[in-house]
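Since the structure of chain A is already known, use the hints to place chain B on it.
In case you want the letters, here they are:
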Amino acid sequence: MSTRVEPTAIPAHARGRLAWPPDALAEKALEIRRDIVTLLVDSQSGHTGGPLGIADFGTVLFFHEMSLDPANPKWEGRDFWHFSCGHVTPVIYSLMAERGYFPVRDLLQFRTFEGHCQGHPSAHDTPGIEVSSGSLGQGLSVCVGVALASRLDGNPRRVYPVMSDGEQQEGSIWEAAMSAAHYRLDNICATIDYNDIQIDGKVQSVMGIAPLAEKWRSFGWHAIELNGHDIPALIRAYDEARTIKGKPTVVLARTLMGKNVSFMEDDYHWHGKPPKKDEGERALIELGTTYEAWKARMLS
Amino acid sequence: MNIALADPVPMKKTREGFGRALVELGEENPNVCVLVGDLSESTMTHFFAQKFPERFFQMGVAEQNMCGVAAGLAVMGKIAFYSTYGAFAACRDLDQIRVTLCYTKLNVKIGGAHGGISVGPDGATHQAMEEFAIMRSLPNMSLVVPCDFHEAKKATKASAAHPGPVYIRFGREDVPVVTDESTPFTFGKGEIFGEGTDITLVACGTMVYEALRAREELSRENISARVVNLHTLKPLDADLLVRSARETGAIVTAEEHQVNGGLGGAVAEVIVREHPVPMEMVAVWDRFGQSGKPSELMDAFGLRAKNIVAAAKRALARKR
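From first to last, the protein sequence lines stand for chains A and B. With the first letter of the first sequence counted as 1, position 299 gets the number 299 in my numbering; the numbers rise by one all the way through. Position in the second sequence counted from 1, then plus 1000, gives you my numbering.
Since the hints were derived computationally from the structure, they do not count as laboratory data. Don't take each hint at face value.
Straight-line distance between alpha carbons at most 20 Å, and here's what the computed DMTMM-like set of lysine to aspartate or glutamate pairs gives [claimed, not checked]: (1) B:Lys1105 / A:Asp200; (2) B:Lys1105 / A:Glu130; (3) B:Lys1051 / A:Asp153; (4) A:Lys273 / A:Asp200; (5) A:Lys245 / A:Asp230.
Short, incomplete list of chain A residues facing chain B, as computed with Cβ under 10 Å [said to hold, decoys possible]: (6) Ser43; (7) Ser122; (8) Ala147.
Among the chain B residues that face chain A by a calculated CB cut under 10 Å, a handful are [to be verified]: (9) Glu1054; (10) Gly1068; (11) Tyr1103; (12) Val1272.
Don't be surprised by glycine CBs; every beta carbon is placed ideally from N, CA and C.
Here chain A stands alone, though its shape is the one from the complex (with noise of 0.2 Å):
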């Protein structure tokens, strides 16, 4: 049993909306990424740079925004979250598993055979997962079925769809875009992990996607740009866009891939490759802890 005292009133397994403060968002942050790197350099497989990026938004949404029940998952009362981008599995386990939907030591079986955690989120394997995914470009038509039921049964649920901005290139984002606008479902709320960076490269270089916002904004959305590791600013953007009515919303947060760690920041080479032993003891350094120190932490 971990002998560590939560850092809020409210305990990160609470059924509900969280709503902590930027300072335990920030310390939980780092948590979540401590567990990326840790579970990424005994998995030794899978995507590093994204996650890290999205740790902080994640936190913002798991921790403060949504309302959640992870002993319930289904729990009729919860708002709905899905990452379009499925490939983020380390940040999305890690997510999970802090906020208390399994122990956090399933993470240290990712991608393995004997685990639940798939290398793409399955529906199938981990509590929690409703939707699965790994083909890009099709969670937001999910999150649109999602909101309009919704409505129809009457319930408050709000949706947050979370996309990549490589994924942006799926012309499948598009219809759904469309369809959300159409429909003017104010219950969603989606969130793009603006790092700019995609397997091959820069994304502007791969294939461009600029402007972005004008671009949710000609489809009928309302676009909020931010710097999506400054917390405070997060927290303000989810709030808006609860305000928004007749419209769906998008946060488009500008991340650094690999944050926190410098010698991933940035590179592209860290999109989908896992950090070897020694690159993540390194990493762990960076981050405040070791290797050994975090592993038995996610044991315990």
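Then chain B, alone, in the frame of chain A:
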């Protein structure tokens, strides 16, 4: 049972059975939702739209999104039917069907209209003849190919009760009505539509009528043919197929679909393992369709009773 064909045989569209069943489902279950991709009259989902506008979603010419939206509705407990032409439902949406629908095993039902060469004048692009192969290859997917109006209605209603994704294939044209409201239909079970001892004719969709006609022709030559209506291609009624192989010793399959990976392939996969007998296949032989009248295309592509009769004789010649 033995199906007796009326004279003249009444004609009706399978897609109308789909549209009528959706209205009944809507009345029975408030969770039934319907989506369409700018083809509400073609898919006959407009009946549902008129009656339940709040549960009907027009998705425009954006089929991939329609599939995903249906998935999202299903995540929240709805039974979501979406419909468009089979060419788009099965081919354009395949990635969404595979990952979002099947891998998650969501309660989404796909109404694939305008299947087969009998679509006619629209030509090859709109004559879906690959859906069986595609849907059969996907884990968690079910596939139903009703033979007429009544069976389309029953299949649609049964698919709503079957958990997980289901693809239902319809045609465009009026087709012979060979069943009635009381004809048995069990999801996943084939039905003997004509008893016989020398050979089994296994058919689905429009080809069930052609198989019944072939049975009549064969009987005039003292050949006793069993007709199996195999409306559900997945899950497959292996027991009935193996029993028919044992009891009759030869099989002909008939389908309005490419020979590759279709009904014939599904039957063969069971028969070669369980009880090999001479088999012949009547199907579209690895080629695209073309424009023409439905009847002349059925003739030209060899999808008639006489083609089944010829195939039966070939199979019987190989039977020891």
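key: Indices of hints not satisfied (ascending)   = 1, 5, 6 and 12
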